[in-house]
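Q: The chain contents come next:
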Amino acid sequence: MRIADILKISQRNLFRSKLRTFLTIAAVFIGALTLSLTNGVGNGIKAYVNTQLGNLGVKNTLTVQAKQTQANPINNDVRKYEPGKKTGTFNLALLGKNDMDKIRSMEGVTQVIPQYNIQLEYITTGNDKYEAVAAQYIEGLNLEMITGTTVNPDSLDEISLPSRYIMSGTEQEAIGKYAAIAYKNSAGTIIEKAVKIVGVQQQSLLGNSALSISSRLAEEIHYQQTLNVPNLADSYMGAIAQYNVDYSEEELSGLKTRLSEAGYDALTLEDQIGIISQIINGILVVLNLFGAITLLAAAFGIINTLLMSVNERTSEIGLMKALGANRKTIFSIFAIEAASIGFWGGLLGVVVSIVLGNILSNIATNTFLKDFVGFELLAFPLLPSLGVLLGIMLLAFIAGALPSLKASKLDPIKALRYE
Amino acid sequence: MQPIIQAVSLTKIYESAASDMPALNNVSLSIQPGESVAIIGKSGSGKSTLMHILATLDRPTEGELIIDGIHAHNLSSADLDSLRNKKFGFVFQQFFVNARNSSLENVTLPLTIMGIALSERKARGLAMLEMVGLAAQAHQKAGELSGGQKQRLCIARALITKPELIFADEPTGNLDSENGKQTMDLLFKLQREEGITVVIVTHDPDLAAQCDRSITIKDGKIV
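From first to last, the protein sequence lines are chains P and A.
Residue numbers for the first sequence follow the working numbering, so the first one is 1 and each next one is one higher.
Residue numbers for the second sequence follow the working numbering, so the first one is 420 and each next one is one higher.
The set of hints was computed from the structure by calculation and includes no laboratory data.
A hint or two may mislead.
Below, a list of computed lysine-lysine pairs in the DSS-like style, where the Cα atoms sit at most 30 Å apart [said to hold, decoys possible]:
| # | chain 1 | residue 1 | chain 2 | residue 2 |
| --- | --- | --- | --- | --- |
| 1 | A | K505 | P | K328 |
| 2 | P | K409 | A | K600 |
| 3 | A | K461 | A | K506 |
| 4 | A | K600 | P | K406 |
| 5 | A | K637 | P | K8 |
| 6 | P | K67 | A | K560 |
| 7 | A | K541 | P | K18 |
| 8 | P | K414 | A | K640 |
| 9 | P | K328 | A | K541 |
| 10 | P | K8 | A | K581 |
| 11 | P | K80 | P | K328 |
| 12 | P | K328 | A | K506 |
| 13 | A | K608 | P | K409 |
| 14 | P | K414 | A | K506 |
| 15 | P | K409 | A | K505 |
| 16 | P | K97 | P | K193 |
| 17 | P | K328 | A | K640 |
| 18 | A | K505 | A | K541 |
| 19 | P | K406 | A | K505 |
| 20 | P | K414 | A | K505 |
| 21 | A | K505 | P | K18 |
| 22 | P | K8 | A | K640 |
| 23 | A | K560 | P | K328 |
| 24 | A | K541 | P | K8 |
| 25 | A | K637 | P | K414 |
| 26 | A | K505 | P | K8 |
| 27 | A | K506 | A | K560 |
| 28 | P | K414 | A | K581 |
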């Protein structure tokens with residue numbers, strides 16, 4: 001039999017019992033919708049995270065931290081106490097000056113910038129005071145600016161701030177104005193420091209939401225905050241180590257191994273993206289599981305529908321077999337009917353999820369994601385959507401295989417006596 | 420002349436049957452091309468079993484079936500499907516038409532199975548309907564036809580592949596005598612015109628008398 005004829009018969013059979021077919025398609029539709037929506041959210045987040053991390057990207061840098069090997073209540077092993085080891089609050093292992101020298105002296109490391117741990121009290125332009133967090137601006141970091149520039153690495157009085165700190169006037173008007181940042185020194189006295197606003201940052205989910213100051217200013221504040229505190233003076237949260245630009249993948253992993261053996265954790269930007277991606281993927285797997293369970297239930301619906309369909313058409317199958325239709329033909333007619341249920345349910349699910357996703361995305365962009373320019377909550381790239389559709393069709397085909405096999409094996413004589 | 424069908428010592432035993440009496444016991448016969456043969460017997464005599472085996476719808480427990488010189492037991496089930504499609508036509512007591520499809524679609528079903536293109540199917544189907552006097556009903560749903568019309572539709576369906584042999588299982592069983600007579604007149608007329616072999620299973624002696632010869636089956640044996 002021709003494929004066109006098999007398709008025609010399948011489609012006609014499919015819509016013979018309209019209500020039953022509709023209900024089975026509805027079950028597939030719900031599963032497809034769930035799966036497609038969760039994928040949409042996943043793709044939206046992933047795309048955003050990737051562009052954001054790409055924006056952060058300083059090439060050939062490693063974030064180095066001391067290995068966290070301190071005793072903690074859930075650790076089972078007992079370690080020897082090391083008096084020379086630097087510790088901060090919460091027993092966080094910190095890096096000291098000797099660590100900096102050690103990292104700097106490593107083969108392949110070209111530059112080491114300490115990451116200072118500084119605490120701001122507030123920022124003010126005269127009247128109201130606002131809580132603020134400061135981050136050290138590393139040269140080469142790709143900060144997305146709405147207007148102005150990033151801070152000069154050598155400056156002691158420049159700042160760039162996220163757009164939400166602009167309380168009145170436009171972002172452009174803020175450039176060149178002065179503000180004061182305040183911090184407590186180690187004696188507990190609040191010190192205000194005048195800084196010039198040189199840039200306004202685009203807000204994003206991952207970075208850019210803190211005030212940016214130069215490493216030199218950070219060092220200065222850190223010095224003031226840790227003066228005469230033996231535990232914290234000369235201590236750093238971590239360090240940014242830049243390595244040889246010409247390093248290959250293997251040489252880089254060699255450097256990482258050397259750092260690890262020396263007692264440091266070193267992560268490239270890609271490693272950090274990897275961790276975030278893993279977390280997002282984990283969440284998506286769970287969400288997709290819901291969709292998959294729905295589809296599994298729908299698959300049983302398809303089996304049921306097909307079994308009823310085979311039963312109703314027993315004599316028709318018998319006639320076709322008597323007139324010379326072979327097993328393959330009969331199997332195909334029913335298997336394609338099953339795949340069609342998957343196709344219509346899947347197509348409807350994917351299309352509705354795209355429409356729904358775009359509406360939700362627009363609402364999100366205009367409300368709680370307003371500050372995150374370029375964040376589409378749901379994204380539907382063509383290939384994954386097509387993959388969902390094909391996957392559902394395959395599932396439906398597999399679900400239909402058993403009833404189709406039953407139909408193809410019907411004895412024509414018995415089938416013709418049926419009625 | 421080579422017989423179109425030759426059966427040698429056909430025996431059929433149903434494993435599930437309560438008694439171990441064979442449904443068919445050592446039946447041998449041969450049918451020549453162009454013949455019309457009636458297989459008669461009471462219900463349960465084994466005549467339907469014989470027809471099913473001759474038509475390759477069932478396989479014998481023992482014995483040989485030779486169709487056009489080909490030993491049927493050497494053929495795969497797909498080969499048998501293809502052989503039935505090309506060489507045989509079927510007319511059933513219960514008609515077995517697809518009520519939701521048009522007369523034209525019903526009459527061309529064997530061609531659809533054969534894989535003939537739609538345009539050719541249409542042309543041959545319309546010609547066939549014309550021949551059995553159903554041209555006006557071509558696009559009508561088969562379910563709307565009368566019993567006599569349905570059986571004429573089935574005859575058209577059986578003839579559309581230009582088969583060598585037509586099996587008719589109680590073709591007048593569901594028709595009143597007037598319609599039954601008209602239907603059989605049509606079948607015999609076409610059989611003579613086209614030189615087709617016809618095997619009719621019936622318990623109606625009048626119908627059997629119209630055939631060239633009769634084979635009577637009783638308790639699974641030819642008598």
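Q: Under the constraints set out in the numbered hints, which ones does this structure not fulfil?
A: 2, 4, 5, 6, 11, 13, 17, 21 and 22
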